[in-house]
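Colleague: So the sequences go chain by chain: H and X.
Our numbering puts the first residue of the first sequence at 140, with every later residue one more than the last.
Our numbering puts the first residue of the second sequence at 140, with every later residue one more than the last.
Fair warning: there could be bad hints in the mix.
As the list makes no split between identical chains, a pair holds if one copy fits it or if it spans any two.
Stated by the list, open to error - Here are the simulated BS3-like cross-link-like pairs (lysine-lysine), alpha carbons at most 27 Å apart as the crow flies:
1) Lys578 - Lys493
2) Lys649 - Lys586
3) Lys270 - Lys649
4) Lys493 - Lys380
5) Lys173 - Lys456
6) Lys649 - Lys380
7) Lys380 - Lys642
8) Lys458 - Lys173
9) Lys447 - Lys380
10) Lys239 - Lys578
11) Lys586 - Lys270
12) Lys198 - Lys458
13) Lys270 - Lys239
14) Lys270 - Lys178
15) Lys458 - Lys578
16) Lys644 - Lys586
17) Lys642 - Lys239
18) Lys456 - Lys178
19) Lys203 - Lys578
20) Lys178 - Lys493
21) Lys458 - Lys380
22) Lys447 - Lys198
23) Lys173 - Lys270
24) Lys642 - Lys458
25) Lys270 - Lys458
26) Lys270 - Lys456
27) Lys447 - Lys642
Since the hints were derived computationally from the structure, they do not count as laboratory data.
Number of protein chains: 2
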Amino acid sequence: MTHPVLIADQWTPADASGSFNAFNPATGQELTEKYPVSKWADLDRMLDTAATASRELRKVEAEKIAAFLELFADRLDANAESICTVASEETALPFTPRLKDGELPRTTGQLRQAAAAARSGSWSMPTIDTKNNIRSVLGPVGPVLCIGPNNFPLAFSGICGGDFAAAIATGNPVIAKAHSAHPTTSRMIAELALAASRETGLPSGTVQMFYRCDPNDGLRMVADPRLGACGFTGSRHAGVKLKEAADRVGKPVYLEMSSINPVVFLPGAIAERAEALAAEFTGSCTMGAGQFCTSPGLVIVIDSPATKSFVADVAGKMKSAAAGTLLTRGVQESLVEGIGQVVAAGAQLLAGGKAVPGPRVAVENTLLSVSGSAFLANPVQFQTEMFGAASLFVIADSLDQMVQVIAHLEGNLTGSIYWSQQGADGASIGPVTAALRPKVGRLLHDKMPTGVAVSPAMNHGGPFPATGHPHFTSVGIPASLPRFGVLECYDNVREPQLPASLKNKNPTGKMWRLVDGDWTQGDV
Amino acid sequence: MTHPVLIADQWTPADASGSFNAFNPATGQELTEKYPVSKWADLDRMLDTAATASRELRKVEAEKIAAFLELFADRLDANAESICTVASEETALPFTPRLKDGELPRTTGQLRQAAAAARSGSWSMPTIDTKNNIRSVLGPVGPVLCIGPNNFPLAFSGICGGDFAAAIATGNPVIAKAHSAHPTTSRMIAELALAASRETGLPSGTVQMFYRCDPNDGLRMVADPRLGACGFTGSRHAGVKLKEAADRVGKPVYLEMSSINPVVFLPGAIAERAEALAAEFTGSCTMGAGQFCTSPGLVIVIDSPATKSFVADVAGKMKSAAAGTLLTRGVQESLVEGIGQVVAAGAQLLAGGKAVPGPRVAVENTLLSVSGSAFLANPVQFQTEMFGAASLFVIADSLDQMVQVIAHLEGNLTGSIYWSQQGADGASIGPVTAALRPKVGRLLHDKMPTGVAVSPAMNHGGPFPATGHPHFTSVGIPASLPRFGVLECYDNVREPQLPASLKNKNPTGKMWRLVDGDWTQGDV
């Protein structure tokens with residue numbers, strides 16, 4: 140039996156053009172659960188339902204939306220064991236600590252933070268100009284299509300992840316596209332979401348879900364007038380197509396796509412703590428089989444005997460670390476192909492490079508190196524993303540060349556600089572920072588990029604092609620919420636017709652509002 | 140002699156493919172001043188210079204940027220007489236009150252507000268998470284190409300208008316494209332900007348200007364890696380081309396394009412004050428010869444004897460009001476063509492419709508009407524923009540049909556609702572608001588849209604095609620500044636390397652920062 144899709148609060152047999160099976164990457168075998176490829180008719184019904192839900196949600200008080208998010212989080216926690224068991228089977232990500240102790244608590248934490256943000260309302264930046272009686276606030280953008288990635292079955296999932304939490308907290312219904320790498324996980328979660336939505340009394344269709352569709356129908360959906368916005372985490376290839384379809388009709392689309400996360404090791408840091416850095420780098424690069432958007436895929440160092448020894452040490456550590464199981468055959472094929480492209484461009488293979496033989500879906504931990512001058516001769520190809528435990532060391536012949544290499548980078552989510560604690564890199568940090576800062580969303584010191592704290596100050600974003608717009612972050616609450624808000628201004632509108640957040644009386648007594656240029660929690 | 144362009148703080152002979160003359164629309168004659176059409180080489184040099192200036196500006200304290208904006212504003216005020224004389228000659232906009240008493244003070248007011256915003260730094264939303272030691276702030280996006288419109292030679296000008304002020308205040312150099320409708324005005328202003336920049340000691344190339352280029356070179360410029368962003372006010376035709384070029388490379392582009400600004404008169408309002416409303420509407424529609432982005436180009440009413448009489452009264456007032464002089468021959472031709480399209484779709488001409496004979500560039504004040512059902516049969520063509528003193532009344536047969544008409548509108552900058560002061564429209568305001576709110580950036584009650592206050596709560600923005608992104612406003616300070624900022628995060632960065640706004644000590648003692656979830660002007 141092919142599983143139904145979730146439309147208008149009902150599990151409904153899909154109008155399907157075909158089906159696909161869930162897959163176990165640890166065994167390389169298909170699982171028995173079968174899921175539909177929806178035709179346009181399914182998506183069309185979801186859009187109709189979501190448009191109605193969007194209008195209804197405008198009348199729902201924030202407290203009820205917050206209650207839904209919290210109840211949903213509670214249910215996820217209560218079902219952690221079964222959800223993480225299935226998620227582990229579908230993704231080969233370890234049940235523990237990764238899923239049950241890491242990703243699931245992160246996910247429910249995000250939902251609860253989003254609930255608190257919805258309740259407070261401060262995320263919407265209510266702004267009041269008493270002299271002119273003009274008031275503005277970020278209002279809900281409309282139904283949000285949430286397309287999650289393969290690598291986080293929970294924390295970035297379209298049905299319970301960061302985009303979901305942000306879209307709901309800002310008062311928008313969600314149409315989730317489950318990722319084909321973890322459909323059963325998504326289905327179990329959607330059941331909990333539906334129950335929580337019903338029990339809280341949210342409008343029908345606040346949460347809907349399908350599994351897969353023809354890519355052209357996906358593009359059509361993104362451009363549909365009934366849709367408000369799209370949140371996407373995934374490949375650059377798919378992301379730019381969605382972006383083009385949405386851009387053509389001026390629809391907000393928030394993409395987190397491709398990033399190789401440059402790491403700079405300055406000579407002073409290598410001199411002080413080479414061994415610790417090699418271990419730290421290897422741990423970060425191989426964590427989760429390297430399947431993080433912030434995995435360090437490019438390292439920039441300056442040539443020296445100490446650097447040569449450091450690189451050799453890293454290569455040894457990469458070889459001796461176990462090769463993790465990858466999420467899908469597609470990830471495995473892309474990774475081998477990406478490594479091949481970097482080798483073809485002239486990089487030297489220092490470790491790994493090949494698929495691991497046998498049924499398990501895996502690739503050897505891979506390290507490559509190239510000289511700074513070779514990199515500069517072909518910077519585009521050397522920035523080919525290798526999604527997995529693979530990284531390219533660029534060995535510059537000088538600080539100047541290191542800065543040149545950085546200047547030739549595309550946009551990235553993160554950039555890390557390791558530098559001397561004792562001042563030896565004092566003359567280098569300035570030019571390196573000046574070059575790196577405009578290339579990345581998050582600049583780190585002495586820290587690997589793989590940890591992405593759910594912080595109000597986080598930026599999980601950056602210049603294209605890391606994302607589609609460098610103004611926004613997809614992680615961090617309330618920082619990620621304004622993506623799903625549009626600026627709504629009220630000019631001379633009579634007070635009873637104003638949204639609660641813009642009336643003279645502060646609706647909660649705690650909401651931060653910008654009144655005549657100053658932030659205040661008071662009344663007008 | 141063809142005038143030079145402003146590159147790297149020097150008035151430089153253009154590498155020109157041709158030239159054009161300034162034009163006086165009141166006489167229909169060319170003026171003697173001749174301006175170059177720049178080849179790519181000019182733009183290329185400007186981009187190089189701006190990229191360097193952008194790096195230099197990061198080191199310049201906000202105080203100096205504020206001082207520049209204020210000195211520039213002072214110089215504009217001191218030269219108001221000569222600037223407004225020339226601007227009036229080039230645009231036929233009245234020297235007074237429009238230019239000298241309205242637009243020029245608005246322009247210098249914007250520059251001074253931007254100076255205050257730069258000095259305060261609160262616009263950049265510094266956000267500090269002390270527990271995780273993660274900090275973020277909006278940093279400068281990079282060089283901004285400012286392309287101003289024909290209809291505001293000062294307040295929206297690329298060389299001194301709202302986008303200019305916002306781009307400079309956020310720490311970015313500006314490459315201005317002067318509008319061909321007022322090149323001499325722009326040149327005079329650029330001279331003042333250059334002098335102020337030099338006297339303040341800003342980096343060379345902080346302010347540059349050219350006049351015209353091949354449209355393909357414009358698209359190339361928008362996509363150039365050296366450019367940070369583009370701010371554009373103008374036609375939908377040009378805007379969507381720029382948008383496509385910028386979107387393809389993930390470059391922020393902020394467009395204010397096309398809007399017909401629906402006005403709803405509910406029956407109770409017409410019953411109470413028909414004559415006053417007719418006068419108010421006619422004044423708004425004919426103001427500035429209707430050449431405002433917020434000119435009321437579409438009116439929606441419900442049929443009744445009172446409505447018929449109201450429409451007839453408006454038609455009479457439109458006929459008896461003087462036809463203003465338009466900015467250019469192009470505006471005249473587009474307006475006549477737009478009216479023709481609406482007539483061809485089936486609208487009835489109630490007043491005007493033709494070009495005014497003689498050398499002066501003008502079109503009769505024009506009023507049209509169409510039934511709600513005819514509108515609904517062809518909503519796209521009936522939303523053809525008629526840029527000038529022209530408006531289409533849509534006469535619905537019921538409240539339901541009025542709501543249907545609103546539901547078929549494209550995105551607009553504004554939407555106005557006039558309704559009974561005595562409660563007669565109490566049952567209508569809900570459904571009308573629910574339909575109109577998601578279609579517009581600014582919702583007004585009992586007010587024409589043509590006034591656009593420079594308020595922190597203003598939204599001069601809205602859904603596509605009014606703009607390219609419904610999250611942002613191009614008017615309002617500091618509200619318009621974040622367009623030219625990108626989210627920059629600092630994770631574990633050592634304090635001496637943090638920007639001043641993110642250090643523990645509040646750099647001014649007054650900057651608003653979001654510290655651990657609360658807005659504060661204190662230190663960490």
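Colleague: Determine for every hint whether it applies to the structure shown.
Modeller: Cross-check of the supplied hints:
1. Lys578 - Lys493: Neither: 31 Å inside a chain and 54 Å across chains, both beyond 27 Å.
2. Lys649 - Lys586: neither (36 Å within a copy, 32 Å between copies)
3. Lys270 - Lys649: For Lys270 and Lys649, the Cα distance is within 27 Å both inside one copy (23 Å) and across copies (22 Å).
4. Lys493 - Lys380: Neither: 30 Å inside a copy, 45 Å across copies.
5. Lys173 - Lys456: Classified as neither: same-chain Cα gap 40 Å, cross-chain 69 Å, threshold 27 Å.
6. Lys649 - Lys380: For Lys649 and Lys380, neither the intra-copy (42 Å) nor the inter-copy (45 Å) Cα distance is at most 27 Å.
7. Lys380 - Lys642: neither (42 Å within a copy, 40 Å between copies)
8. Lys458 - Lys173: neither (38 Å within a copy, 70 Å between copies)
9. Lys447 - Lys380: The answer is neither: 41 Å in one copy and 50 Å across copies each exceed 27 Å.
10. Lys239 - Lys578: neither (35 Å within a copy, 44 Å between copies)
11. Lys586 - Lys270: Result: close only across copies, 16 Å inter versus 48 Å intra.
12. Lys198 - Lys458: neither (58 Å within a copy, 44 Å between copies)
13. Lys270 - Lys239: Answer is between: at 24 Å across copies they meet the 27 Å cutoff, but 53 Å inside does not.
14. Lys270 - Lys178: Answer is neither; intra-copy 53 Å and inter-copy 48 Å both fail.
15. Lys458 - Lys578: Classified as neither: same-chain Cα gap 31 Å, cross-chain 58 Å, threshold 27 Å.
16. Lys644 - Lys586: between (45 Å within a copy, 24 Å between copies)
17. Lys642 - Lys239: The answer is neither: 44 Å in one copy and 37 Å across copies each exceed 27 Å.
18. Lys456 - Lys178: neither (48 Å within a copy, 55 Å between copies)
19. Lys203 - Lys578: between (41 Å within a copy, 26 Å between copies)
20. Lys178 - Lys493: neither (38 Å within a copy, 51 Å between copies)
21. Lys458 - Lys380: neither (37 Å within a copy, 51 Å between copies)
22. Lys447 - Lys198: neither (64 Å within a copy, 35 Å between copies)
23. Lys173 - Lys270: neither (61 Å within a copy, 45 Å between copies)
24. Lys642 - Lys458: Result: close neither inside a copy nor across copies, 63 Å intra and 41 Å inter.
25. Lys270 - Lys458: neither (68 Å within a copy, 36 Å between copies)
26. Lys270 - Lys456: neither (65 Å within a copy, 32 Å between copies)
27. Lys447 - Lys642: neither (65 Å within a copy, 37 Å between copies)
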